[in-house]
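2 protein chains.
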Amino acid sequence: MNKIDLLGRRKFITGLGIAAGAAMVAPAMAVSEKATGIKWDQEIEIVIIGSGFAGLAAAIEAKKLGAKDVHIFEKMSYFGGNSAINGGLFAAPVTPMQQKEGVEDSVERMVADQLAAGRGIADEALLRHVASHAMEALQMTLDAGSEYHPYLQQLGGHSVARTYQTTVSCGAGITQPLLKKCRELGVNTHNRSKFEGFLVGEKGEVLGIKMRENYHFGEDQPGKIIHIRAKRGVIMATGGFAQNVNLRMAQDPTLTSEVGCTNAPGATGEGMYEMFRLGAIPVHLAHIQSGPWASPDEGGFGYVSNYSIYNFPHSIAINRLTGKRFMDEIADRKTRADAELACRDEQGNALPPILITSYADSKKHPNTEKVIKYNVGWKFDSVEELAKHFNVPLNPLKAQIEEYNGYVKTGKDAQFGKNMTKAKDKYIKAPFTVVRLWPKVHYCQGGVMVNTKAEVKDSFTGEPIKGLYAAGEVCGGIHGVSRLGSCSIPECMVMGMTAARSMMKA
Amino acid sequence: MNKIDLLGRRKFITGLGIAAGAAMVAPAMAVSEKATGIKWDQEIEIVIIGSGFAGLAAAIEAKKLGAKDVHIFEKMSYFGGNSAINGGLFAAPVTPMQQKEGVEDSVERMVADQLAAGRGIADEALLRHVASHAMEALQMTLDAGSEYHPYLQQLGGHSVARTYQTTVSCGAGITQPLLKKCRELGVNTHNRSKFEGFLVGEKGEVLGIKMRENYHFGEDQPGKIIHIRAKRGVIMATGGFAQNVNLRMAQDPTLTSEVGCTNAPGATGEGMYEMFRLGAIPVHLAHIQSGPWASPDEGGFGYVSNYSIYNFPHSIAINRLTGKRFMDEIADRKTRADAELACRDEQGNALPPILITSYADSKKHPNTEKVIKYNVGWKFDSVEELAKHFNVPLNPLKAQIEEYNGYVKTGKDAQFGKNMTKAKDKYIKAPFTVVRLWPKVHYCQGGVMVNTKAEVKDSFTGEPIKGLYAAGEVCGGIHGVSRLGSCSIPECMVMGMTAARSMMKA
Chain A
1 MNKIDLLGRR KFITGLGIAA GAAMVAPAMA VSEKATGIKW DQEIEIVIIG
51 SGFAGLAAAI EAKKLGAKDV HIFEKMSYFG GNSAINGGLF AAPVTPMQQK
101 EGVEDSVERM VADQLAAGRG IADEALLRHV ASHAMEALQM TLDAGSEYHP
151 YLQQLGGHSV ARTYQTTVSC GAGITQPLLK KCRELGVNTH NRSKFEGFLV
201 GEKGEVLGIK MRENYHFGED QPGKIIHIRA KRGVIMATGG FAQNVNLRMA
251 QDPTLTSEVG CTNAPGATGE GMYEMFRLGA IPVHLAHIQS GPWASPDEGG
301 FGYVSNYSIY NFPHSIAINR LTGKRFMDEI ADRKTRADAE LACRDEQGNA
351 LPPILITSYA DSKKHPNTEK VIKYNVGWKF DSVEELAKHF NVPLNPLKAQ
401 IEEYNGYVKT GKDAQFGKNM TKAKDKYIKA PFTVVRLWPK VHYCQGGVMV
451 NTKAEVKDSF TGEPIKGLYA AGEVCGGIHG VSRLGSCSIP ECMVMGMTAA
501 RSMMKA
Chain B
1 MNKIDLLGRR KFITGLGIAA GAAMVAPAMA VSEKATGIKW DQEIEIVIIG
51 SGFAGLAAAI EAKKLGAKDV HIFEKMSYFG GNSAINGGLF AAPVTPMQQK
101 EGVEDSVERM VADQLAAGRG IADEALLRHV ASHAMEALQM TLDAGSEYHP
151 YLQQLGGHSV ARTYQTTVSC GAGITQPLLK KCRELGVNTH NRSKFEGFLV
201 GEKGEVLGIK MRENYHFGED QPGKIIHIRA KRGVIMATGG FAQNVNLRMA
251 QDPTLTSEVG CTNAPGATGE GMYEMFRLGA IPVHLAHIQS GPWASPDEGG
301 FGYVSNYSIY NFPHSIAINR LTGKRFMDEI ADRKTRADAE LACRDEQGNA
351 LPPILITSYA DSKKHPNTEK VIKYNVGWKF DSVEELAKHF NVPLNPLKAQ
401 IEEYNGYVKT GKDAQFGKNM TKAKDKYIKA PFTVVRLWPK VHYCQGGVMV
451 NTKAEVKDSF TGEPIKGLYA AGEVCGGIHG VSRLGSCSIP ECMVMGMTAA
501 RSMMKA
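Same order as they appear, the protein sequences are chains A and B.
Residue numbers for the first sequence follow UniProt numbering, so the first one is 1 and each next one is one higher.
Residue numbers for the second sequence follow UniProt numbering, so the first one is 1 and each next one is one higher.
Heads up, a few of these hints could be off.
With a straight-line cut-off of 20 Å between C-alpha atoms, the simulated EDC-like cross-links for lysine to aspartate or glutamate are [as the list claims (entries may be wrong)]: (1) A:Lys-203 <-> B:Glu-136; (2) B:Lys-203 <-> A:Asp-220; (3) B:Lys-203 <-> A:Glu-270; (4) A:Lys-203 <-> B:Glu-403.
Partial chain B-side listing against chain A, Cβ under 7 Å, derived [to be verified]: (5) Val-107; (6) Leu-285; (7) Ala-286; (8) Phe-326.
Treat the hints as calculated values from the structure; they're not laboratory data.
C-beta atoms are modelled at their ideal positions from N, C-alpha and C, and glycine is treated no differently.
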């Protein structure tokens with residue numbers, strides 16, 4: 001029989017006469033026995049959980065730094081996670097394309113834009129760390145073969161155009177090349193492999209993980225569990241929890257299953273909760289972001305999201321009850337989502353506003369033909385036709401279009417102070433393309449607290465939990481109340497790379 | 001040698017050949033061995049952690065329901081926790097005093113007021129549960145001997161006067177009688193007893209706790225740890241974390257140690273974090289409330305807080321830069337705290353606004369003489385004297401006072417829509433009493449998620465964690481973004497009573 005210490009502090013083991021049997025275990029903090037006696041099914045140098053931007057970038061960076069044995073475990077049957085279906089929008093300051101387009105930008109400017117959207121509670125040090133390394137991450141994607149549209153976009157809340165977008169207008173334009181690069185470099189990739197919890201050592205440090213093999217998402221506990229020793233540590237790159245309806249409703253009871261969500265189904269948050277069980281600090285879980293560019297006429301991210309992200313700078317968003325604009329079309333996401341949710345009919349029911357764009361401008365985006373083809377967007381030859389279709393009062397709408405076109409001319413939006421740089425010469429005129437807008441749950445600002453080394457802090461000691469790193473949407477607090485669009489990919493990749501660097505130095 | 005299961009799921013124990021030794025333990029979720037082999041130092045029927053409103057009410061209710069062996073453990077040397085130093089303000093709908101004063105109120109009205117302050121994310125079911133039982137809780141305090149001022153107050157965000165206040169203007173006017181009642185009923189009360197974590201059984205259920213005896217707050221791990229079996233379960237009534245600077249800064253980096261805090265020093269949040277380690281759901285930690293009635297001229301809750309809570313309805317809050325009002329003086333706490341924090345000089349430095357009250361009205365509150373005596377408030381015989389002292393522009397201030405007195409006359413505030421019921425006939429006129437205002441960290445809306453049985457939900461299963469109950473500020477999500485003043489005592493007491501009832505039924 002072995003003596004088992006169930007106490008939280010080693011000092012007090014003696015004299016308590018605790019019998020063996022390991023009947024019960026204390027929470028993982030400060031577990032007191034040495035890591036002897038367990039049979040590891042595998043020993044691996046670096047364990048990465050999740051195959052989105054963060055996990056893939058971590059694996060590539062680890063390999064570059066000389067790691068020999070790097071494994072990525074993905075619970076779904078496919079690789080890429082939620083990253084593979086996002087919009088493929090990548091913000092970075094001081095890039096070749098900014099130089100080409102004559103855009104003056106800096107790390108500090110990007111940080112300042114994000115701090116404003118964060119409404120006072122963003123993590124400035126983390127934002128600066130990510131912005132400082134964003135170009136490196138972008139270069140990693142280019143080196144892997146990612147292809148981008150030959151123009152920059154200026155997304156809501158950004159004071160300048162600094163956003164690249166993949167030619168496929170989708171995150172898969174990054175995850176696929178990075179996955180290919182991982183395999184070229186000898187990274188071992190495992191799908192249907194579900195992380196089931198940590199195995200920790202004497203001082204609560206992470207020594208390894210429990211992994212369910214041959215896992216089938218959504219089925220009742222299939223697969224077999226094995227124990228994997230992670231010699232250098234574990235990088236948690238498990239993403240957000242926007243698809244976990246119970247948990248998002250715990251934060252916001254209005255986010256029921258009836259509210260749309262742009263995320264892949266695997267975004268359910270267990271990895272984050274297992275870190276809370278280790279003592280990680282939950283930060284900003286209450287801040288769940290809805291994408292203001294989504295359409296109620298299609299499921300998920302769909303075609304409209306990228307269409308409207310591209311078109312917002314030179315479009316008008318109209319409240320159908322009044323026929324008037326109701327927001328700066330390129331304000332930050334929270335500002336716009338809140339403004340859209342306030343568009344109601346006289347009984348208070350949702351009345352999704354419409355985004356009106358000149359067809360001549362909208363058609364430059366490849367999704368324009370698709371939104372029309374799939375009846376999630378419509379083309380009109382006259383404002384009368386448009387107004388009738390959406391039951392918008394005609395004269396106020398005509399007056400609004402005329403007023404806005406005056407702002408296009410002067411370059412100053414007297415209604416909402418929109419930055420008109422990207423609207424230059426883009427008058428709202430027939431024929432029009434129109435989509436409907438309604439926010440969808442998109443991104444979890446909350447997660448575990450990390451530092452600029454991608455280490456996870458312990459809630460009791462404030463010190464990093466040894467052997468544990470986290471990167472990407474599973475982390476919280478970086479962006480504060482509202483994340484700016486196209487700032488997630490650089491964050492995921494930079495923090496994934498950072499985790500690999502920290503681990504290889506440790 | 002015993003076989004030790006380190007897996008998260010019992011099904012998969014067999015065939016993995018895990019050696020004994022209990023070297024490592026999985027996080028507490030779904031721990032798999034039977035609770036055999038541990039030596040309990042004590043066996044207790046009901047364990048209550050924390051001796052504030054929630055813990056005391058739970059103990060009394062448990063005794064009333066026939067519990068034989070109820071113990072309260074308090075980590076500090078004194079009993080009462082942060083409750084003992086709060087303002088002693090107790091909101092309840094449909095009370096004897098409302099009847100006497102002719103105030104029409106209802107449970108639904110109180111819930112509606114709180115939902116508005118919660119800004120869409122409050123927990124309506126919990127609010128209704130608390131409001132429905134608030135009068136019972138108030139009665140428990142009266143039965144125990146609490147004494148209240150013979151008038152109601154109408155606090156910010158409440159649409160009617162429904163707030164009792166202890167004659168000592170302090171929560172000790174409730175905690176002391178409740179503590180006395182506990183002892184009369186045979187509740188065992190232990191001070192210097194620090195909760196150090198849970199001991200859990202086969203399915204993750206709470207079987208008992210680790211308790212450090214002879215603990216001295218703030219010293220380096222003194223005392224001795226014992227194991228206590230809790231036969232009916234554990235009620236966590238451990239309060240908020242407003243005094244844990246690192247953890248509140250994790251949520252809001254602006255809440256540094258330089259920001260004032262009204263809480264007792266023990267409000268450090270370990271109990272909450274131990275529940276997260278068990279798998280409890282963290283809710284709304286990002287929403288930390290600052291009290292808009294606090295003064296920068298004294299530490300903690302001080303004398304001014306109760307003074308200004310009482311006087312806000314018939315006072316004007318003035319921006320010293322402009323000489324004008326800048327908020328509805330009885331808006332909800334967040335609205336007012338945000339408005340005060342926006343009062344800045346031309347360089348953007350904090351310029352605490354002033355609250356001006358007619359001395360004739362303010363002197364009805366017992367703190368008036370104290371705030372003047374201790375130089376945290378001042379009396380002026382003329383508006384000229386007042387304006388000079390605080391460097392407020394005289395003419396705008398005079399005009400503001402005249403304008404506001406017009407609102408007192410008509411009963412309608414055309415500036416900020418303040419409810420003028422309690423301002424009737426209370427004109428702002430010399431001599432004046434004046435205090436300065438600046439928000440202090442006061443209350444954590446966030447905590448563990450509970451249901452209307454005071455059960456703590458598990459983040460993975462959504463089911464209650466067996467043997468575990470929580471009540472009071474350690475719980476989160478009830479109030480949403482902003483808790484209304486005087487709604488904490490009813491919440492703490494009702495949820496404490498609820499926990500006892502659930503436990504005695506289980």
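Structure-based check of all given hints:
1. A:Lys-203 <-> B:Glu-136: The given pair, whose Cα atoms are some 47 Å apart, is violated under the 20 Å limit.
2. B:Lys-203 <-> A:Asp-220: 18 Å, holds
3. B:Lys-203 <-> A:Glu-270: 18 Å, holds
4. A:Lys-203 <-> B:Glu-403: With a Cα-Cα distance of about 66 Å, the restraint between Lys-203 of chain A and Glu-403 of chain B is violated, given a limit of 20 Å.
5. Val-107: Violated. Min distance 19 Å.
6. Leu-285: This interface hint holds because 6 Å falls under the 7 Å limit.
7. Ala-286: Where the cut-off is 7 Å and the nearest Cβ of chain A is about 5 Å from Ala-286 of chain B, the hint holds.
8. Phe-326: Interface hint status for Phe-326 of chain B: violated (19 Å vs cutoff 7 Å).
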